[in-house]
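Since the structure of chain L is already known, use the hints to place chain X on it.
For reference, the chains in residue letters:
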Amino acid sequence: GESVGLHLPTLSVQEGDNSIINCAYSNSASDYFIWYKQESGKGPQFIIDIRSNMDKRQGQRVTVLLNKTVKHLSLQIAATQPGDSAVYFCADLSNDYKLSFGAGTTVTVRA
Amino acid sequence: KAGVTQTPRYLIKTRGQQVTLSCSPISGHRSVSWYQQTPGQGLQFLFEYFSETQRNKGNFPGRFSGRQFSNSRSEMNVSTLELGDSALYLCASSFSGDNSPLHFGNGTRLTVT
Numbered sequence: 001g002e003s004v005g006l007h008l009p010t011l012s013v014q015e016g017d018n019s020i021i022n023c024a025y026s027n028s029a030s031d032y033f034i035w036y037k038q039e040s041g042k043g044p045q046f047i048i049d050i051r052s053n054m055d056k057r058q059g060q061r062v063t064v065l066l067n068k069t070v071k072h073l074s075l076q077i078a079a080t081q082p083g084d085s086a087v088y089f090c091a092d093l094s095n096d097y098k099l100s101f102g103a104g105t106t107v108t109v110r111a
Numbered sequence: 112k113a114g115v116t117q118t119p120r121y122l123i124k125t126r127g128q129q130v131t132l133s134c135s136p137i138s139g140h141r142s143v144s145w146y147q148q149t150p151g152q153g154l155q156f157l158f159e160y161f162s163e164t165q166r167n168k169g170n171f172p173g174r175f176s177g178r179q180f181s182n183s184r185s186e187m188n189v190s191t192l193e194l195g196d197s198a199l200y201l202c203a204s205s206f207s208g209d210n211s212p213l214h215f216g217n218g219t220r221l222t223v224t
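Protein sequence lines, in the order shown, are assigned to chains L and X.
Heads up, the final residue of the first sequence is numbered 111 in our numbering, and it's a clean run with no missing numbers.
Heads up, the final residue of the second sequence is numbered 224 in our numbering, and it's a clean run with no missing numbers.
Looking at chain X on its own, in the form it has when it is part of the complex:
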């Protein structure tokens, strides 16, 4: 069974631009969540989706948004990029989101210059 797939693997953007990251979950998984990983803050929860509905959102500004499609694939968008948005963005999928293990992709490394 294929794992969680994230594209692209690397991105370089300049301040003020926007970016869209993509995630394909493990087949059969309906919950997709997103995390930001930085050396200073560690792994921080962004949001979680299940059946196209956002069920929870972390403490990030409104510039961070996401969505989930009917095939469970998910995208996250960051608008008006800031230098501090440079991070590894990780997507995780699970069967239900609340009582089953989350499996992570290898992330998208975003660098904002």
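If we strip away everything but chain L, and leave its shape as in the complex, we get:
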């Protein structure tokens, strides 16, 4: 079965607010996680990654937090914009070259 999953299938957020997307994983041996954004008609787009030796990593307007104790990671998007509307996936890259994806969270930005 899947090793990662997302807490909520949908998230509605006001433009300009911060978004938080959560993800739980079950495999305590997981050591490399990637967040993807998928817009309609396109493939998943790499957002940010984090390895298990880190708790936090920041990119442009995005921050990923990893809590290994409870096997949870989150993606925070600052000042959400209409272009952030998409489906977001967390994924775990195993050491046998396979990405295991969660079901995805659909983010809708309200104007």
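By construction, these hints were calculated from the structure, which means they are not laboratory data.
Idealized CB from N, CA, C, for every residue including glycine.
Wrong hints could be hidden among the right ones.
Here are the simulated lysine-lysine pairs, DSBU-like style, with alpha carbons at most 35 Å apart [unchecked claim]: (1) L:K42 with L:K71; (2) X:K124 with X:K112; (3) X:K124 with L:K68; (4) X:K112 with L:K56; (5) X:K168 with X:K124; (6) L:K68 with L:K56; (7) X:K112 with X:K168; (8) L:K42 with X:K124; (9) L:K42 with X:K168; (10) L:K71 with X:K168; (11) L:K56 with L:K42; (12) L:K56 with L:K71; (13) L:K42 with L:K68; (14) L:K56 with X:K168; (15) X:K112 with L:K42.
Simulated DEER-style distance windows between Cβ atoms [to be verified]: (16) X:R178 with L:Q14: 44 to 54 Å; (17) L:A103 with X:S197: 18 to 28 Å; (18) X:R184 with L:Q14: 27 to 37 Å; (19) X:N170 with L:Q81: 17 to 27 Å; (20) L:D55 with X:F206: 18 to 28 Å; (21) X:G195 with L:P9: 30 to 40 Å; (22) L:F46 with X:P119: 40 to 50 Å.
Leaving out everything else, chain X in the frame of chain L:
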């Protein structure tokens, strides 16, 4: 740098036919993997190649096969198509496949009638 390129973008086939999908990875990337995306099953791993060798294969029937060429380009083939094979087929490339991010193409939308 050009991204992952998949051709064709759309395909319509009938049951029993076969299909070949093509993927050109990002320049310098030697790992190519394939995923099937459907509304019901989400993203499912098909197989991964590195230096022309398949290193891992997902839980799909033998009708699904692939290969990688010496220039890292990859193809996947589905024989004896079934209605349930209708899906978005995604190719991803990465530098090494195990410790570097995978970058996806925009996929091939296959419809089987």
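Practice task
Sort out which numbered hints this structure fails and list those numbers smallest first.
Solution key: The structure conflicts with hints 3, 18, 19, 21 and 22, although it agrees with all the remaining ones.
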